[in-house]
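**Student:** One-letter residues, chain by chain:
2 protein chains.
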Amino acid sequence: MISKSVAQFVRSLHQKKYRQQEGCFLVEGAKSVQEVLSSTFEVDLLLTTDAFYKENADGADRQRCRIETATAEELTRVGTLESNNAALAVVRMRANVPLLRAPDAWVLVLDDIRDPGNLGTILRIADWYGIDTILCSETTADVYNPKVISASKGSFTRVNWWYGDLTGVLNQANAPVYGAFLDGDDVHQSPFNAAGGYIVMGNEANGIGPNITPFVTQRITIPRYGDAESLNVGIATAVILDNLRRVQG
Amino acid sequence: MISKSVAQFVRSLHQKKYRQQEGCFLVEGAKSVQEVLSSTFEVDLLLTTDAFYKENADGADRQRCRIETATAEELTRVGTLESNNAALAVVRMRANVPLLRAPDAWVLVLDDIRDPGNLGTILRIADWYGIDTILCSETTADVYNPKVISASKGSFTRVNWWYGDLTGVLNQANAPVYGAFLDGDDVHQSPFNAAGGYIVMGNEANGIGPNITPFVTQRITIPRYGDAESLNVGIATAVILDNLRRVQG
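Each protein sequence line maps, in turn, to chains A and B. For the first sequence, the UniProt record's numbering gives the first residue as 1, with consecutive numbering after it. For the second sequence, the UniProt record's numbering gives the first residue as 1, with consecutive numbering after it.
Note that these hints are calculated values from the structure, not bench results. Some clues are possibly wrong.
No copy is singled out in the list; a pair is fine if it fits within one copy or between any two copies.
Here are the simulated lysine to any residue pairs, SDA-like style, with alpha carbons at most 25 Å apart [claimed, not checked]:
no., residue 1, residue 2
1, 17, 229
2, 4, 77
3, 54, 12
4, 54, 165
5, 31, 204
6, 31, 117
7, 17, 186
8, 4, 18
9, 54, 221
10, 147, 183
11, 147, 83
12, 16, 224
13, 147, 214
14, 16, 59
15, 4, 219
16, 31, 206
17, 31, 183
Quantities reported herein were computed from a predicted structural model and do not represent experimental measurements.
Chain A extracted, bound-state conformation (with noise of 0.2 Å):
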């Protein structure tokens, strides 16, 4: 049975304002909380059914956080989720440091993607194509939003992310920065650098913005073959990371 004061603080949760005042995320559904338990995350509070806990009492010890038990009932009542029969972590939110690019390696740069959902695939196929440095723009959605950490399934956990002004960040970039235009190389043509570079992907509308365009040292394009005016922000970053490990590993 979970507390009103609990269920209060967790609701709170929902929104940016108070998730930054709190310092801390919610984390939901079985294969998330399971994801997180065994991370370098901090879990502050976990609220989980019975089944739940018995199955993963070793993960949940190790965070030695508090830990309630609760019906699926109340875990939908107070997350996000459509239905939660499993758990609900409280996590705590990373410190935004800036992130350095490793040698030879590739950075994802997301200038102004607002949709939740969208940021989440990209944490996803970021992790899947092995790309573990995220920068992104304070207009990017915010990543505890826990849409984000829905979408992501986990990966949130395996990426690294830093909000700030990207063009102080690109304007010292040493290496090649790669924006996807119309009008650029074709992807299938293997156009990457073999030292890494940046990759950056732009707003849903309105691609990169004037800002970050003239940063951009080459312009890349996923080919067409049909009628389709455009490709979801998502997909054309699974596209281009494909190809790029296609060539380089």
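Fit chain B to the known structure of chain A by using the hints.
**Tutor:** What follows is chain B alone, placed relative to chain A:
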């Protein structure tokens, strides 16, 4: 000003039962309505703001449909979008006729794709990669669901679909049937048949079902370079089709 009976009729089409009963579905928002007006779909009713009508009078008049002006507030109230400041069309469904594979063509086969957003994204991807024939299991999301139509970004006007028993079709397939599994041939290594075939995409949680698996003649895999457990089915569709077109054009 939309009459009460029109509002009620439009709202009823949010539900599959009434769409099937009436043989109509909804198309909402500027871009989608523009595309459907100039497509071969038959528009029955157009609810439009004055501004949208002025800009699209040609398309609207060509359809010779009933046209009523409405405010953005009214369009939003009777429709399914979070906001709609342009137009809403009531469009006639197409008959569900079997589709044949053209010589050398590729056909996309959807086995139990449940999420409307995923189905809409897949229509858009198919359209981008020039694949216009999609066969859907009866359990796949309803293509006329407003979320599918909206997510397809107009691509529903350019691809053809059929819903029915996939086993019957695949049993008579005179071409290779490709299916994505974890243990298949690397899509980067050009495993695709030069004379076309079928590409099966499976359910979001369970992949290709046990009734369809026996018909798969070639298992394919998207190589993984990181730690995510899987890719979203829309993402996987895009990556597979991108690799197919890269080699075959």
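**Student:** Starting from the hint list further up, note which numbers the structure goes against and sort them upward.
**Tutor:** The structure breaks hints 1, 3, 4, 7, 9, 10, 12, 13, 14 and 15; every other hint is satisfied.
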